[in-house]
Amino acid sequence: MQVTLLLRLALFSGAAALLAVWPLLDVSAGGRAERPAPEAPPTWWQPDSNRVFAARADYTDSTGTVSVLHVGGDVQTRGHPFFSALGPNGRACVTCHQPADGMSVSVSTIKSRWRETRGSDPLFAAIDGSNCPSLPQEQAASHSLLLDRGLFRIARPWPPRTPEGAAVTPQFSIEVVHDPTGCNLDPRWGLHSAHPRVSVFRRPRPVGNLEYATRYGYIFEPKNGLPLPIDPRTGLRYSGNLLADQRARTLEEQALDALTSHLQAQASLSAPEMQKLVGFESQIYVAQSADRVGGSLSAAGAQGGPEALASGKPAELQGPGHPSWTEFDAWQHDAASTDPGQRAFRASVSRGIALFRNRTFLITDSAGLNSMNFGNPTRDSCAFCHNMARTGMDVAPGQVDLGTTNEPYADPAPELPLFKLTCASSYPPHPFLGRVIYTHDPGFALTTGRCVDIGKITIQDMRGLAARAPYFSNGSARTLRDIIEYYDRRYSIGLTEQEKQDLTNLLSVL
Amino acid sequence: MWILAGTFASSAWGATTEKVFVTCPVYRDTNAGRKSGCWLATDEAVGIRYDISLSRTKPQRGHEVLVEARLPSTSSASAASSAQSPCGGLTLEPVVVSVLDSLCPSFMLPAESYPGRRFRLDPRLVLGTADVPETLPPGPYPPRTWHIEFAYQSDFLQYQYSEVILDEIGRYVRASHPRRVEVTGYAVTQAREVSGHRLAEQASLAQARADMVALALERLGASEAIVKVSARENPEPLSADGELLEPSRRRVDIHLSY
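For the protein sequence lines, the chains are A and B, in the order given. With the working numbering, letter number 351 in the first sequence gets 352, and the count goes up by one each step, no holes. With the working numbering, letter number 249 in the second sequence gets 269, and the count goes up by one each step, no holes.
Everything labelled a hint here was simulated from the structure, so no lab data went into it. Honestly, I wouldn't trust all of these hints.
Stated by the list, open to error - Cβ-Cβ distance ranges computed for the label pairs, FRET-style: (1) A:T339 with B:R144: 49 to 55 Å; (2) A:P197 with B:V184: 39 to 45 Å; (3) B:D121 with A:D258: 47 to 53 Å; (4) A:H179 with B:S122: 55 to 61 Å; (5) A:E408 with B:D121: 38 to 44 Å.
By construction, the Cβ of each residue, glycine as well, lies at the ideal position given by its N, Cα and C atoms.
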């Protein structure tokens with residue numbers, strides 16, 4: 002109760018501070034500038050702290066308030082596997098899945114922790130919180146990808162292995178073109194080491210709304226025509242929607258992967274501990290609940306906030322009968338608000354939703370989409386891929402190459418490793434990129450070994466975005482607006498300034 | 021080797037007139053809503069532009085396509101329907117498009133006043149959601165055979181086609197507990213020449229197709245112990261009404277016995 006009270010007071014203080022800058026906000030087009038979340042947040046969760054994870058907590062973020070709901074009620078964190086440092090590097094799950102950051106960790110929080118702890122926080126553990134463990138760890142430059150882009154090092158075995166550990170014969174060879182981190186050519190950690198690894202750098206996915214990520218709406222996977230594989234332990238099918246590269250297929254597999262890699266733990270979790278961990282994670286829902294301009298996201302008939310997620314049906318396909326983001330349909334005719342700025346913002350969100358659903362454009366050269374029998378190009382809208390009601394994930398497993406990591410569409414990123422992948426002549430080439438592909442992250446192909454999967458990244462949850470910048474798996478979009486700009490450029494959509502603002506405002510309230 | 025170019029009466033398999041050619045597809049962006057674009061293909065041997073949009077597999081711009089279709093009955097009807105076409109080409113239906121590895125220029129046309137087709141999904145091609153309790157087919161369960169067709173040189177299980185058949189087989193298997201599930205893959209290795217291209221599938225494709233279907237059936241509840249997989253080349257075509265003959269040779273047969 003005391004914690005809840007403190008959080009409310011903190012939120013009130015934040016609201017008061019916002020009122021002071023209100024005149025600076027641009028609401029003329031129904032929008033307003035994004036800005037970094039408050040620095041040095043008092044909401045940092047240390048591992049092994051004796052606190053209560055409240056059943057519902059609100060946190061100020063870049064556009065308003067993100068709320069974290071635990072439907073199992075308050076949780077005492079002492080000894081809880083999610084909040085305990087289970088390995089020698091002092092990290093817990095919560096280290097990189099901070100409630101105030103929508104259960105991920107934002108780059109502004111990362112920078113604050115660096116300043117506050119002078120880089121000593123376990124967040125910056127050498128194993129993956131630095132560009133490479135062999136670098137001098139006391140220097141900020143050795144953690145530049147984490148500090149500048151919020152990226153953690155993910156070391157994937159080479160050749161690839163299945164989640165069961167079986168060797169996969171890759172359809173392509175891999176060379177390091179350049180690597181400013183040094184890690185892929187490092188004698189201990191690199192591609193030619195005794196235990197060859199491909200180091201790629203990715204954002205942590207949020208631990209929230211996982212019911213939506215782990216359920217499946219249909220038993221067939223349209224991208225390969227096969228039924229989804231079955232987890233022999235449970236008899237349920239794998240959803241295929243966890244992690245950027247699907248290297249872990251269940252929350253249990255993800256926990257074990259994280260335990261040994263990110264936490265560097267030697268021992269596994271006991272069955273009761275695993276059950277407690279997964280049970281906790283499965284009951285968390287994250288969404289924006291208030292906007293600085295738009296006000297409460299559950300006002301005037303809207304159904305924003307995490308409660309609607311908790312009561313909603315996971316893995317439900319949007320469509321003509323129940324289109325995307327009906328949560329905010331009531332704002333189309335908002336007559337309740339007397340504040341012109343608020344009304345304009347809500348109207349902007351409504352326009353953004355209409356664009357998301359109905360504005361079609363030519364989707365081109367995107368493996369996972371055009372490589373199905375839809376053809377290349379195919380005309381469709383955002384909702385084509387972001388088709389799961391309430392989260393915007395893909396009801397079918399969402400491994401898609403948007404071009405965020407592959408040349409020629411990836412934004413310039415000289416700070417990231419660049420790989421040259423050559424598809425063997427005995428296998429089909431990549432359908433759009435040919436046999437030689439340059440990429441910053443082979444993505445799903447590091448799990449399957451297939452050429453067609455190079456650069457495919459699993460579509461992720463769109464809720465609580467404003468709390469966890471930057472975006473895309475490699476942090477290439479620093480703001481919500483950057484996401485829209487990328488899509489507009491990638492698919493030549495031709496959005497107007499107003500349309501970009503409307504879509505940005507939509508993303509900000511999810 | 022068969023020599024095929026343009027129209028032919030496939031006398032080997034019956035009297036049906038089928039059209040087969042290889043060409044570079046053209047996308048017409050009619051912008052009539054989602055999945056509304058038109059795909060056009062000109063048979064350069066006769067200089068006729070066809071509308072091949074009704075194929076369940078759509079072309080990939082910049083790749084040649086193999087077009088297999090049934091021609092409309094008369095040339096006069098063809099000219100009339102071409103003029104009235106929503107896409108600006110003589111509509112072929114049924115039509116099967118296979119995307120070839122060979123590259124060609126990437127063409128796109130504007131709508132040019134053609135309306136295109138608004139996308140309508142046949143409800144028979146939509147499976148129920150996973151949370152709906154399944155309905156198993158009632159007995160009796162006589163031996164039964166299904167067929168799944170493939171594009172040329174492909175073992176890809178095509179969306180909004182294959183899964184409907186596989187789902188039906190899966191329910192039949194779970195209901196009837198067959199003694200054996202025979203999965204026979206075929207490839208057409210017999211070479212034929214179409215529009216100057218020599219077309220022949222690799223023999224290994226028969227096994228790859230069969231393996232893909234067997235994997236799907238096992239994931240649908242068929243025990244690995246009862247699934248028998250085999251591969252063969254150059255089968256007879258199927259002769260079901262409305263089916264194109266040559267594409268039906270690129271298939272997998274699934275036979276349940278008791």
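Status of the hints after comparison with the structure:
Evaluation of the 49 to 55 Å hint for A:T339 and B:R144 yields a pass: the beta carbon distance comes to about 52 Å. At roughly 43 Å, the beta-carbon separation of A:P197 and B:V184 lies within the given 39 to 45 Å, and the hint holds. For the pair B:D121 and A:D258, the beta carbons lie near 37 Å from each other, so the given range of 47 to 53 Å is not met. Remark: the range hint 55 to 61 Å for A:H179 to B:S122 is contradicted by a beta-carbon distance near 34 Å.
For A:E408 and B:D121, the Cβ-Cβ distance of about 22 Å falls outside the hinted range of 38 to 44 Å, so the restraint is violated.
Checked against the numbered hints given earlier, this structure breaks hints 3, 4, 5; the rest are met.
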